[in-house]
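Q: For any residue, its number in the numbering used here is found by taking its place in the sequence shown, counting from 1, and adding 1.
Check the hints yourself; a few may be wrong.
[What the hints assert, rightly or not] With a straight-line cut-off of 25 Å between C-alpha atoms, the simulated DSS-like cross-links for lysine-lysine are:
1. LYS29 <-> LYS66
2. LYS141 <-> LYS126
3. LYS126 <-> LYS142
4. LYS150 <-> LYS126
5. LYS29 <-> LYS95
6. LYS95 <-> LYS126
No wet-lab data here; the hints were simulated from the structure.
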Amino acid sequence: MDIRQSIHSEHAKTLDTAALRREFLIEKIFTPDDYTLTYSHIDRIIIGGVMPVTRSVTIGSEVGKQLGVSYFLERRELGVINIGGPGLIEVDGKTWEIGHQEALYVGQGAQQVLFRSSEASHPAKFYYNSAPAHTHYPDKKITLEDAVKATLGDAATSNRRTINKFIVPDVLPTCQLTMGLTRLDDGNLWNTMPCHTHERRMEVYFYFDMAEDSAVFHMMGQPQETRHLLVHNEQAVISPSWSIHAGVGTQRYTFIWGMVGENQVFDDMDHVSVSALR
Numbered sequence: 002m003d004i005r006q007s008i009h010s011e012h013a014k015t016l017d018t019a020a021l022r023r024e025f026l027i028e029k030i031f032t033p034d035d036y037t038l039t040y041s042h043i044d045r046i047i048i049g050g051v052m053p054v055t056r057s058v059t060i061g062s063e064v065g066k067q068l069g070v071s072y073f074l075e076r077r078e079l080g081v082i083n084i085g086g087p088g089l090i091e092v093d094g095k096t097w098e099i100g101h102q103e104a105l106y107v108g109q110g111a112q113q114v115l116f117r118s119s120e121a122s123h124p125a126k127f128y129y130n131s132a133p134a135h136t137h138y139p140d141k142k143i144t145l146e147d148a149v150k151a152t153l154g155d156a157a158t159s160n161r162r163t164i165n166k167f168i169v170p171d172v173l174p175t176c177q178l179t180m181g182l183t184r185l186d187d188g189n190l191w192n193t194m195p196c197h198t199h200e201r202r203m204e205v206y207f208y209f210d211m212a213e214d215s216a217v218f219h220m221m222g223q224p225q226e227t228r229h230l231l232v233h234n235e236q237a238v239i240s241p242s243w244s245i246h247a248g249v250g251t252q253r254y255t256f257i258w259g260m261v262g263e264n265q266v267f268d269d270m271d272h273v274s275v276s277a278l279r
């Protein structure tokens with residue numbers, strides 16, 4: 002378990018590039034036949050990936066012990082989006098087929114979650130977020146057709162994109178976790194611009210669908226004290242509530258966003274005009 006502590010906005014101003022990357026960037030999400038797990042003290046979100054290839058993978062009892070409970074989801078809920086080949090997720094004996102860019106919500110209290118790939122030659126890549134939960138809501142598979150869609154931006158400003166809201170109140174109930182997938186149109190490079198903060202929620206961006214020689218300049222920091230991180234394929238950025246979160250790529254890309262915090266109101270944002278950024 003990689004543990005990340007909360008960072009005060011004033012402290013963040015003093016960090017150099019290496020320190021910013023150490024505190025906010027998750028460089029390795031997928032490891033063949035294993036899982037990764039990063040625990041952030043910011044709203045106690047857990048971020049990671051599961052990549053079964055030749056065998057099944059489960060997030061075992063060792064994680065429960067590290068969390069001070071009997072098993073991983075004893076007091077947590079889980080959201081999973083598959084960005085790889087077709088796979089299966091077994092939750093306490095019930096099996097769900099989760100294809101490319103399909104999602105599964107697993108409610109609090111699930112004792113065993115097992116991940117498998119349908120084909121070792123084209124393994125599944127299950128990206129997940131987990132948040133503390135106070136009650137159980139039913140497990141549910143969400144496809145792209147089920148997701149709530151919104152197309153925003155304009156090609157003239159290079160930010161035409163489609164937001165697919167998988168795990169949101171309009172699709173299913175959760176305790177606090179929300180997740181979705183945003184795909185930029187061909188030739189578009191900017192996400193979430195004009196940018197915003199949301200004092201009542203934190204957010205994690207996971208960038209993927211990128212060429213190996215491309216990168217995203219992810220903008221972070223307070224609106225009047227911005228910084229950037231160079232993010233490459235299948236890496237994630239932790240964004241505190243005080244930080245903007247936007248990016249521009251050297252080529253088109255896709256990203257998954259996940260939020261936890263006080264509410265689940267997608268539009269509860271404190272917008273910042275471009276002219277106000279420093």
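Q: Against each hint, give a clear statement of whether it holds in the structure.
A: Taking the hints in turn, this is what the structure says about them:
Annotation: proposed proximity of LYS29 to LYS66 holds, straight-line Cα distance about 23 Å (limit 25 Å). Between LYS141 and LYS126 the CA atoms are separated by roughly 18 Å; this keeps the pair inside 25 Å, and the hint holds. This hinted pair checks out: LYS126 and LYS142 have alpha carbons roughly 16 Å apart, not beyond 25 Å. Straight-line distance between C-alpha atoms of LYS150 and LYS126 comes to about 23 Å, which keeps the hinted pair within the 25 Å bound.
The straight-line distance between the Cα atoms of LYS29 and LYS95 is roughly 29 Å, outside the 25 Å bound, and the hint therefore fails. Our distance criterion of 25 Å between C-alpha atoms is met by LYS95 and LYS126, whose separation comes to about 20 Å.
Violated hint for the displayed structure: number 5, the only one.
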